[in-house]
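Go by the hints and put chain B onto chain A.
Protein chains in written order, with our numbering: chain A, 174 to 486; chain B, 2 to 402.
These are calculated hints, taken from the structure and not from any lab test. Beta carbons: idealized from backbone N, C-alpha and C, even for Gly.
The calculated label-pair distances, taken between Cβ atoms and stated as ranges, are: (1) A:Thr192 to B:Gly254: 34 to 44 Å; (2) B:Thr313 to A:Glu194: 28 to 38 Å; (3) B:Gly254 to A:Gln346: 31 to 41 Å; (4) A:Leu266 to B:Glu373: 43 to 53 Å; (5) B:Ala387 to A:Leu266: 31 to 41 Å.
Here are the simulated SDA-like cross-link-like pairs (lysine to any residue), alpha carbons at most 25 Å apart as the crow flies: (6) A:Lys304 to A:Val340; (7) A:Lys242 to A:Phe201; (8) A:Lys287 to B:Leu251; (9) A:Lys304 to B:Leu238; (10) A:Lys287 to B:Leu238; (11) A:Lys242 to A:Ser200; (12) A:Lys287 to A:Ser273; (13) A:Lys287 to B:Thr247; (14) A:Lys304 to B:Tyr258; (15) A:Lys453 to A:Thr438; (16) A:Lys304 to A:Leu266; (17) A:Lys287 to A:Arg303; (18) A:Lys304 to B:His236; (19) A:Lys287 to A:Leu355; (20) A:Lys287 to B:Ile246; (21) A:Lys242 to B:Glu400; (22) A:Lys304 to B:Glu232; (23) A:Lys242 to B:Thr247; (24) B:Lys50 to B:Arg367; (25) A:Lys453 to A:Glu434; (26) A:Lys304 to A:Arg345; (27) A:Lys304 to A:Gln343; (28) A:Lys287 to B:Arg245; (29) A:Lys242 to B:Ile246; (30) A:Lys304 to A:Gln288; (31) A:Lys453 to A:Ser433; (32) A:Lys453 to A:Thr437; (33) A:Lys304 to B:Ser228; (34) A:Lys242 to B:Arg245.
Sample of chain A residues facing chain B (criterion: CB under 7 Å; computed from the structure): (35) Cys227; (36) Ala261; (37) His279; (38) Gly280.
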Amino acid sequence: MTPNTAALRIEDLRKSFGTLEVLRGVSFELLIGEQIALLGPNGAGKTTLVRCICGLTRPNSGEILLQGKAIASHGGRDAIGLVPQEIALYQDLSAEENLSAFGRFHGLRGSELKQRVEWALAWTGLEEQRKLRVQSFSGGMKRRVNIACGVLHRPSVLLLDEPTVGVDPQSRQRIFTMLSALREEGTSILLTTHHLDEAESQCDRIVIMDRGSVAAQGTIAELVQQTVGNERHVRMRVTEPLELPIEGWQFDATSPGVGSEQLTTRVDDVARQLPLLLQKVTAAGYSVAEVEVHAPSLHHVFLHLTGHQLRDT
Amino acid sequence: MIWTVFRVSLSRLLHNRVELLLAFVVPIAFFSIFAMIFGKGMGSTQTPKIKAVVIDSVQTAESQQAVERIREIPCLRMLDEHDKTRPINEQQATDLVRRGMVTLAIVVHQRVVAPVLPAGAEARSMPGVLTAELLSDASDQVASQVVTGLVTQALMPNHIDLGRVDPNPLMVPDGVRQASSMEPISAPLVHVVDVLAADKANPVISMYAAGIAVMFLLFGASSGGGSLLEEQENHTLERLLTTRITMDQLLLGKWSYQTMLGVVQVGVMFLWGWLVFGIDLWRHFDGFLLMTLVTAGAAASFGLFLATLCRTRGQLNGISVILILTMSALGGSMVPRYLMSETLREAGLFTFNAWALDGFDKVFWRELPVAELWPQMCVLMLSGAAFLVVSRLLALRWESA
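Isolated chain A, as found in the complex:
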């Protein structure tokens, strides 16, 4: 199987709960050894999609293909590992006991089980705490055991739901180091997260979902090109609040405008356009206190695609 083969392919997946359409024809693929971030505002359908993939929810239509083969619409799948957002462990058991139990639930027995538990304890850096109860662990340690319980059976596709919620930067770094090791062994990872910086820095590609369908997908560069383009965001602070609009200055959507000391706009060519902007401000009688130029980020792409409105429903 070549690296470009899809470990997981989702084709036109649809799911409704009563009259509520939660998935409206979702399609994307995850290549072998690839790490994809699945982003989307609350209620976009990410959780339902993950539940469909791991067999907890039965889709109304569409196909889920694992390494090219369609899988049953329901029931557990050996090739998939699920790491839920919650610490889904037996808190009153030790790390070793939890690993052993979940290894058994995934069908491991005997020496293979023992060997995988040892591997997981080393992988998570919890060899010395193996006998301690999980409830006595820090948030980061619990997260690491939570992830390890989902990969003991060597799944080819790992589904991670917010794996770094509530952990410190050190633990977060450790978790991504652990995931990198898995990817080197060929595991494909689908990660849902609200940490856009994490998605940007750790994932090969991004899939952005909104209102039950895929709004955009690709690398960061592709998404930027598809949505906000290559414009740079310029923010300037002047010493006094603006009394009138500055002639020739085009405010962008995020600019506070007249009455504020902040001026924002977008430029295609920083070297050519920025000196002209500075001249206009000076000519209008204001002194420039600060200038910032930002390249478009995933944050801009995300807001561009999903809007600024709260999604509480």
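Showing chain B alone in chain A's frame:
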């Protein structure tokens, strides 16, 4: 600030239906149950009727009259009151008591008294005195005491005023001395024979052990079933269902564990009873083991049923406390069922406790052979299986969406 704390606490109570139920409905429910038990049964002016059977072993006109008077005693309910054509013998009566079909069997006898007269007095025959043996089941400790006086009255109506109970009513004339080989003339007319407890060490203890054990089996099973809801709440259940384990295996695993735990729990309790209170465990071990297995299995199924019925652990705690305490009160774990009215006794048959306790009662108290346990075992096994099937159906909601 104090007012805010008060308001927050009140709002939380009003939002929690189970807590409201526990605070207001459960006390009223329990008050009502115990009021019914003690109000219509023990302690009321109307004594519950005692199931009895009467045997006339003398068959004289006098004894037949006495038997008729016994039949008319208001607190007795004769087993054969609708069919007197098939008289039963003493052995059959003993068997009826042993099996718990009747609480008392009253056997009317005649005792011959041969007085020894002073020297020179002319010997004359003396008529026989009607006496009675009360073959009783001492698990009902009240019945024989109530009936003794009333039967004495029925045997000697001319010697005793109605309503006055005197167990030694015969007046012996001055100067009359009894032969030492004869029973004294002043011996009680009614003799109580405990047909069940005569050769047992502390038999009542086994009934209390069973009563408490069954109640705690149910509490244990409900708490064990709660682990399923705990797994659902912390998403472990969802995770488990993505592994190779199926819901069938999960439920059966929990059921077998809970059954095993229940067997050990009851076993430990009876071992303690054997060590400290002298329960005759080993002579009845086969019956004990069978009853313990089916009771623990049925209780485990009931625990799973409650867990799958409830949405949260809070709900489960509330509902299980209400149900288990009600079942224990009605089923005889708290108050012996013989103290209850007929209606409550019948209502008790809808509970686990009653069937389980009847089974343990047959094993330890009545000492019946294991084959006699079939009604209790059938009811417990069938209800256990039914609860397990319903639990499986209710658990479908966690599997598919």
